[in-house]
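J.: In case you want the letters, here they are:
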Amino acid sequence: MVWLLPLLFLLTACGQRFDAPGIGDQQEPALSGNGRLLAMVAERSGRRVVRLVERNSGQELPLKGLQWGMPHRSPSLSWNGRYLALILQRGERGEIVVLDRALGLLRPLPLPGDRLPQALSMSPDGKRLAVQLLHRGQQDVELFQLPAHEADLAPGTPLP
Amino acid sequence: MTRALGGCLVLLLLAGCQGQGLQPEMGLNPRLAQPGDDSSPSLAATGMAWIAPAPNGHQQIRWLDFASGLGAPLPGLNRPDAQPISVGVDRLGQRFALVRSLEGRTELLIYERNLALLRPIPLLPAGVPAKVALSGDGRVLAVQVSREGRWQVEVINLP
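The listed protein sequences correspond, in order, to chains A and B. So in this note's numbering, spot 1 of the first sequence is number 1, and the numbers just go up one at a time. So in this note's numbering, spot 11 of the second sequence is number 11, and the numbers just go up one at a time.
Keep in mind the hints are simulated off the structure, nothing from the lab. Being a predicted model, the structure only gives us computed values, none of them experimental. Even glycine gets a Cβ: it sits at the ideal position worked out from N, Cα and C.
To spell it out: a stretch of chain B is covered by chain A in this simulated footprint if at least three of its residues, at any positions, have a beta carbon under 8 Å from a beta carbon of chain A; those stretches are:
no.	segment
1	20-31
2	123-137
Computed cross-link-like contacts, SDA-like style, restricted to lysine to any residue with a CA-CA straight-line distance of at most 20 Å:
no.	chain 1	residue 1	chain 2	residue 2
3	A	Lys-127	B	Phe-66
4	A	Lys-127	B	Gly-21
5	A	Lys-127	B	Ala-45
6	A	Lys-64	A	Val-49
7	A	Lys-64	A	Leu-105
Okay, chain A solo, but in the shape it has when bound:
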């Protein structure tokens, strides 16, 4: 049966795209736990901003509380999409922020020390962040806990 799996992939791997008027390049995709929500960085009026799209409807969802004046990078979503982590680019420096969509609250999360964030990944429950960072010319990956976050769990998941 295992030999059938590649054939199944060939038959079913059909792509879906979310182009829209006024949208240029689209990069850095991230998905929520069940794939319902897609976040990505899109070029809009010459600026790189995060788009959050509900896949079934194709509808773009509002991101209340997000700062739009600075370029956005590396979005990452928790399971239900309550938390959206991203990097806000302030000139040469990047700043990690998390948007709590349930509360409409943007929380800056400064990195300790003289380190520059390059890419993010948020855990499915939203309580942990992996950061690719640049420090003294080297790219490192480090892990951080986010104790202030309520867990954003998949339905049926036992509470920790």
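Got chain A; can you put chain B on it based on the hints?
T.: Quick look at chain B alone, frame taken from chain A:
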């Protein structure tokens, strides 16, 4: 007395503020510290996949299990002649999506850890994949693709 109380209050407020921010994982981060560049972290509930330096001077995809604090083998995933570019993992750390460069081609693949099985995902129409993400349930893949000089994001449902 008033000054001492004020000092205590400031300390309490500072402690409260620190609790809201990033708390380094002191038990796990030393296991990630090594010479060479690391990139493309992807978190599961149970661990993390990322691209790390390999002993031969190239790079490889690695897995860190949070419960044990140890790496785990990924049989059939890494090749000494392939350069991984991006990796994404599902919630359980069983299914990986990856982009790698091999023999002048850039490929999009799915890796099933429990089957040690790696298989290509075709892009239609053809394009060059770059960054990849996988949903927590492992059923949906999103990939950044270059086509005719333009970056697009494509979403693929997986069986």
